[in-house]
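Letter by letter, the chains look like this.
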Amino acid sequence: MLLRNSALGLALAVTAAATLAAQAPATPAPVGGCPPEPLAFHKCALEKAKTFSPPRTPSGKPDLQGYWRGRLSQSFSVEGVSGNEPLVGSLVMPWEKAPPMVVDPPDRKIPYQSWAIPIGRIGVNYNEYLDPRTACGSAGVPRLALQDANQILQPAGDGYILWLHEDHHSQRVIAMDERPRLGAEIKVTNGDSRGRWEGNTLVIDVNNFNGYNWFDDSGNFYTDAAHIVERLTMIDRDTIHYEVRVEDPKVYTRPWTLAWAQVREKEQGFELLEEACREGERDRERLLQGGAKYYFGEPWRGR
Amino acid sequence: MRHGLTSVLTAVLLSLAVPPASAQTPALPRTSDGKPNLQGIWQVLNTAAWDIQDHAARLGVPAGQSVVVGNEIPYTPAALAKKRQNLENRATADPETKGYLPGVPRIMYMPYPFQIFQTPEQVVMVFEYDRGVRNIYTKGTPHPRGPLNWWLGDSRGRWEGDTLVVDVVYFTDQTWFDRAGNFHSEDLHLVERFTPAGPDHINYEVTVEDPNVFTRPWVMRMVLYRRKEPNVRVLEYDPGRLIDEASASR
Chain Y
1 MLLRNSALGL ALAVTAAATL AAQAPATPAP VGGCPPEPLA FHKCALEKAK TFSPPRTPSG
61 KPDLQGYWRG RLSQSFSVEG VSGNEPLVGS LVMPWEKAPP MVVDPPDRKI PYQSWAIPIG
121 RIGVNYNEYL DPRTACGSAG VPRLALQDAN QILQPAGDGY ILWLHEDHHS QRVIAMDERP
181 RLGAEIKVTN GDSRGRWEGN TLVIDVNNFN GYNWFDDSGN FYTDAAHIVE RLTMIDRDTI
241 HYEVRVEDPK VYTRPWTLAW AQVREKEQGF ELLEEACREG ERDRERLLQG GAKYYFGEPW
301 RGR
Chain G
1 MRHGLTSVLT AVLLSLAVPP ASAQTPALPR TSDGKPNLQG IWQVLNTAAW DIQDHAARLG
61 VPAGQSVVVG NEIPYTPAAL AKKRQNLENR ATADPETKGY LPGVPRIMYM PYPFQIFQTP
121 EQVVMVFEYD RGVRNIYTKG TPHPRGPLNW WLGDSRGRWE GDTLVVDVVY FTDQTWFDRA
181 GNFHSEDLHL VERFTPAGPD HINYEVTVED PNVFTRPWVM RMVLYRRKEP NVRVLEYDPG
241 RLIDEASASR
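Quick mapping for you: the protein sequence lines, in order, are chains Y and G.
Sequential numbering of the first sequence, starting at 1, is according to the numbering used here.
Sequential numbering of the second sequence, starting at 1, is according to the numbering used here.
No lab work stands behind these hints: they were computed from the structure.
Ideal placement from N, C-alpha and C gives every residue a C-beta, glycine not left out.
Be aware that one or more of the hints could be misleading.
As the list claims (entries may be wrong) - A few chain Y residues that face chain G, going by a derived Cβ cut-off under 8 Å, partial list only:
hint: 1; residue: 53
hint: 2; residue: 91
hint: 3; residue: 95
hint: 4; residue: 99
hint: 5; residue: 103
hint: 6; residue: 134
hint: 7; residue: 135
hint: 8; residue: 156
hint: 9; residue: 169
hint: 10; residue: 174
hint: 11; residue: 182
hint: 12; residue: 186
hint: 13; residue: 201
hint: 14; residue: 276
hint: 15; residue: 278
hint: 16; residue: 293
Make a model of the complete structure from these sequences and hints.
If you want it as structure tokens, here you go:
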């Protein structure tokens, strides 16, 4: 009997493995000719960027225009999801195992100051607060660029670059001129974005955050002192290397870096749709009744 | 007869002295494809956000003149009763109090700035109020197949001379025109006309059609003014977040 059960179990396991093997691609497809793991992609993309000559706008700037989607990215955790994470086995909206998008420091973890570790990383934020995205705010920088469809426009005159995101009708106006920055007291959800071209790379310098946003579903966070520098470089006609350097002396011990890809959305006639959130969202009320609080940066305030 | 001839002569002389309106248009800023360049930060200077019709001052509400041509809105009798009810219940019934996207054309005359961006295929309006975005496609594509219910509708634009004409459909019945309870159904159909009147002014006209609510189409007209302050920016007024923040701190 025991033997029979074992044999049956083994047979089932073999069948399951065979099914998985049939479904999963033998090797994950490369992205922009680079390996599909964020750190390997990052290193390869930095090399490719040295030789690729991007298409140009009529005024001679690299032409990043079009519809894009995040690739090699997921919203569970920028530090990646290990197979041991209990949420992977969750019956409700299970998480998926994934490599980290943190490419520096070498241990691929956010270099939190010790007080902040139990707040991020599926800690106080995750357990006690409503994810600011679930509360229908803008997902913030850089979370906006993780997955959903987005569009980059380079309007006439080159004074601005516009980065539109379908997610909760979010948009970023990136000023390409040298006007003075906003005053320090003016805090905005997506920050104040100033752009410039460094060779073929669009460099966006972002300040004036209100610190009400997370990086991911895990509650990894920054504060209103954050300074984020994004670098967008085409490595072929359909792939952008997206690199994000994060600096925040209130909460990290050193600056650190994220990287993933934006790949061109090629569906014929594709357009961004209106994604209202607050207007129809029902989870928010249920979660608030369950004791979750709105997140307006309380865990870091006063630091 | 003598008098008549003088009048004719005067008219001829006047018509020579005053250049026809079209002669002024080359002074408009233009994009490389020759279209008027509407880019910049714009804002109305009127009281339509409170009430699109003539209204006296109330506490906290400036008096204002109608932006509705002829002032009258041709409601059906049932719709007029509903409008009066909305006005009475506005403190809680106005969708603005819930922090929702305010709809079109209301978002155009909220007392906040918005910025226009242009490419040959798309005119984008980015609003300070609620991070609103209007994508107006000018590449000749039709409205998508409905039915759709979008808070800001679906906008398709075309240029008629120097006027940007925008056709907007697929609304919800959840948005109002103003804080005075003026409303529409989801069958609202708008035709907007943006006509530059010099580099710093746009004449904005919108024709409103909704057979469920109005007995005939009607028109609003107003001026969009360019914000000229050095370093002026579209900032952020996120009503939903501000409402939630106020409720959390109570």
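(message) Check the structure against each numbered hint from earlier and tell me which ones fail, lowest number first.
(response) 1, 2, 3, 4, 5, 6, 10, 13
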